[in-house]
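> Letter by letter, the chains look like this.
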Amino acid sequence: MTSWSTGWRLVLRLCLAVVVAVVFFFPICWLAAISLKSPEEIFAYPPVWIPETPNFSSYLTLFRDGDAWAVWNSLVTAGVSTVLAMVFGTLAAYAIVRYRTGGDHLAIWIISQRMIPPICVAFPIFLLYVSLGLIDTYVGLIVLYTAFNLPYVIWMMRGYIQDIPVDLEQSAMVDGLSRLAVIRKVVLPMVQGGFFATAVFTFIFAWNDFLFALILTRSEVVTYPVQVTGYFGSQSTFWSKIGAMSMLGVLPMMIVVGTMQRFIVRGMSMGAVKG
Amino acid sequence: MADLTLENVEKHYGDVQAVRGVSLHVESGSFVVLVGPSGCGKSTLLRAIAGLEGVSSGSIRIGDRDVTDLAPRQRDIAMVFQSYALYPYLTVLENIAFGLRARKVPDAEIDERVHWAADMLSIGDFLDRYPRELSGGQRQRVAIGRAIVRDASLYLFDEPLSNLDAKLRDGMREELKRLHAEIGRTFVYVTHDQIEAMTLADRIVLLDGGVIEQDGPPLDLFERPKNRFVAGFLGSPPMNMLDVSVNGDEGLIQLADGQQLRAGEGTLPQHNGSCVWGIRPEHVSLSDGEVPSVEGIVDVVQPTGSRLFASVSVSGQRLTAELDAHAAIHVGRPITLSVAVERTVLFDKNDQRLV
Numbered sequence: 001m002t003s004w005s006t007g008w009r010l011v012l013r014l015c016l017a018v019v020v021a022v023v024f025f026f027p028i029c030w031l032a033a034i035s036l037k038s039p040e041e042i043f044a045y046p047p048v049w050i051p052e053t054p055n056f057s058s059y060l061t062l063f064r065d066g067d068a069w070a071v072w073n074s075l076v077t078a079g080v081s082t083v084l085a086m087v088f089g090t091l092a093a094y095a096i097v098r099y100r101t102g103g104d105h106l107a108i109w110i111i112s113q114r115m116i117p118p119i120c121v122a123f124p125i126f127l128l129y130v131s132l133g134l135i136d137t138y139v140g141l142i143v144l145y146t147a148f149n150l151p152y153v154i155w156m157m158r159g160y161i162q163d164i165p166v167d168l169e170q171s172a173m174v175d176g177l178s179r180l181a182v183i184r185k186v187v188l189p190m191v192q193g194g195f196f197a198t199a200v201f202t203f204i205f206a207w208n209d210f211l212f213a214l215i216l217t218r219s220e221v222v223t224y225p226v227q228v229t230g231y232f233g234s235q236s237t238f239w240s241k242i243g244a245m246s247m248l249g250v251l252p253m254m255i256v257v258g259t260m261q262r263f264i265v266r267g268m269s270m271g272a273v274k275g
Numbered sequence: 001m002a003d004l005t006l007e008n009v010e011k012h013y014g015d016v017q018a019v020r021g022v023s024l025h026v027e028s029g030s031f032v033v034l035v036g037p038s039g040c041g042k043s044t045l046l047r048a049i050a051g052l053e054g055v056s057s058g059s060i061r062i063g064d065r066d067v068t069d070l071a072p073r074q075r076d077i078a079m080v081f082q083s084y085a086l087y088p089y090l091t092v093l094e095n096i097a098f099g100l101r102a103r104k105v106p107d108a109e110i111d112e113r114v115h116w117a118a119d120m121l122s123i124g125d126f127l128d129r130y131p132r133e134l135s136g137g138q139r140q141r142v143a144i145g146r147a148i149v150r151d152a153s154l155y156l157f158d159e160p161l162s163n164l165d166a167k168l169r170d171g172m173r174e175e176l177k178r179l180h181a182e183i184g185r186t187f188v189y190v191t192h193d194q195i196e197a198m199t200l201a202d203r204i205v206l207l208d209g210g211v212i213e214q215d216g217p218p219l220d221l222f223e224r225p226k227n228r229f230v231a232g233f234l235g236s237p238p239m240n241m242l243d244v245s246v247n248g249d250e251g252l253i254q255l256a257d258g259q260q261l262r263a264g265e266g267t268l269p270q271h272n273g274s275c276v277w278g279i280r281p282e283h284v285s286l287s288d289g290e291v292p293s294v295e296g297i298v299d300v301v302q303p304t305g306s307r308l309f310a311s312v313s314v315s316g317q318r319l320t321a322e323l324d325a326h327a328a329i330h331v332g333r334p335i336t337l338s339v340a341v342e343r344t345v346l347f348d349k350n351d352q353r354l355v
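So the protein lines, in turn, are chains S and D.
Heads up: the first sequence begins at 1 in this note's numbering, then just goes up one per residue.
Heads up: the second sequence begins at 1 in this note's numbering, then just goes up one per residue.
Hints listed in this document are in silico derivations from the structure and should not be mistaken for laboratory results.
In this text, a Cβ means the ideal position worked out from N, Cα and C, and glycines have one as well.
Just so you know, not all the hints are guaranteed correct.
DEER-style ranges, computed between Cβ atoms [stated by the list, open to error]:
no., chain 1, residue 1, chain 2, residue 2, range
1, D, 348, S, 99, 44 to 50 Å
2, D, 211, S, 105, 55 to 61 Å
3, S, 188, D, 27, 38 to 44 Å
4, S, 178, D, 7, 50 to 56 Å
5, S, 99, D, 12, 18 to 24 Å
6, S, 178, D, 125, 33 to 39 Å
7, D, 236, S, 188, 54 to 60 Å
8, D, 20, S, 109, 37 to 43 Å
9, D, 7, S, 112, 46 to 52 Å
10, S, 104, D, 39, 21 to 27 Å
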């Protein structure tokens, strides 16, 4: 009886997992299919699920016309801003935890910055960027994404660092390390899971940003979400290009999340149970 | 190896004064134990020596260097923490080698010294394991190994045995003593456990309220405590404290209920009046009718196997006696106890100091 109910439970769980997987993967598979379909197959009814002959012309067009640079622009702006936010955010979080910088309330004040709806500051930032000459530059987007991600990084890293027993750091200092070396050789290995999980979410935020990328870029550093919208014309919509560009935008994220999955799961559960 | 000198060290936390003008000289190669109740300032003092806490005033010298304002890494010390402070992401070998790598010691020398420490502490078989795969006692050995592998001037221990169970603690105590004898370095050790202090120390520094109450060889503190606090802190069960009247001229001690004990000539100090009489439980025995004795009623009997502790109500006060395991005594019955008066001490009732 027990093994029978255990078996059914397993089957139910598997069915649920399959349903969830289908729900999440269907849009991506559909996009991939569109990017490889001919124009007739895209609008065919009943729908063509798998293109008869994979058509890579949309991808070739994106690379030939230089549209694929948008993915590179996204990689540069999201990548560099993630690195900067992680470095400065971790140092700031360390200072807040170990030196009590800003007293008890600075961390709350910092995270409250993240609660401002981005659209509220979009216009002032646009004016500021115009006067500073940062419109349509890598620096402009990198600075903005770093600033927007810092509160999140500080808040998350603060929690992870708080969980490190201070004895570990003090022991390392007695053993001969400077404070910076302690952060590098003790703190970072201890928060490794949380650090990478935070970095991934930071990267995703910058990667997916549409609002600021639309307002603050023109032609030089157009990022991939903005580029995709360019294919929605008033006369016609280039579905195969949309599919191809979206796939180029999704693939890096899937690679990043896939390789970091181990850290993300560990990082998200860090601090949940005291070891 | 170096000596340690503290001069007038004070430490304040806001209005709270944790350490009050402590001056102390620790001889090179000695094993000094800072002991005292919780909150007496012993750990603060140790952390100040390590440089993990700044001092509010005073100076700290290790050898001929004034280290008062130096960072921990510049003080040339090694320290064992109460929590072991092992890095969970490193193997035992890497944990022990951590301090040597931080100081850029050549790999060959690291290897040699790690294996020397591991052999000395019998952890050679665990070098490839992670701390989570070790028992409490093994972890403590690794923590000690990480300290002794360094060629430091001074070795600090912050209650290193307090997380171990009683049996392991006894074993580790013995090993620490052997280790000190073998490597002959200067050890400063903090504990709240007076047994640890008595068994390990060449010299005990007993603190209370941020000041040194008494320091000296363990037996000096045990047998000639300067005040009632020291007498009560050292010894288990603690020293009995009975309110008595003393007539030093006639060698008489009188209890509140009128019982009188006549001490031998010259046994009592020349003091007349109220006092607190300090009697160690082991200096009380069943009366054989010849030495000074007191009468009371047995309240509680606690056999430990090797000895028997009897709580006796004497003149409305409690007197604990350490008796033979087979002593024929019964709760609620009268008992006559002999006291080795020459081994007892008297404290002034007002200032609590030794008379």
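> Does the Cβ pair residue 188(S), residue 27(D) satisfy 38 to 44 Å?
41 Å, holds
> Does the Cβ-Cβ separation between residue 211(D) and residue 105(S) fall within 55 to 61 Å?
38 Å, violated
> When you take the CB atoms of residue 7(D) and residue 112(S), is the distance between them in 46 to 52 Å?
49 Å, holds
> Hint says 18 to 24 Å; check whether the CB-CB distance for residue 99(S) and residue 12(D) agrees.
For residue 99(S) and residue 12(D) the Cβ distance comes to about 19 Å; the hint holds.
> A range of 21 to 27 Å was offered for this pair. Does it hold for the Cβ distance of residue 104(S) and residue 39(D)?
25 Å, holds
> Tell me if the beta carbons of residue 348(D) and residue 99(S) are separated by a distance inside 44 to 50 Å.
Hint holds: Cβ distance 48 Å, inside 44 to 50 Å.
> Just tell me: holds or violated, for the beta carbon distance of residue 178(S) and residue 7(D) against 50 to 56 Å?
28 Å, violated
> Is the gap between the beta carbons of residue 178(S) and residue 125(D) within 33 to 39 Å?
34 Å, holds
> Would you say the C-beta atoms of residue 20(D) and residue 109(S) sit inside 37 to 43 Å of each other?
At 39 Å between Cβs, range holds.
> CB of residue 236(D) to CB of residue 188(S), is that within 54 to 60 Å?
46 Å, violated
Hint check: violations occur at hints 2, 4, 7; the rest are consistent with the structure.
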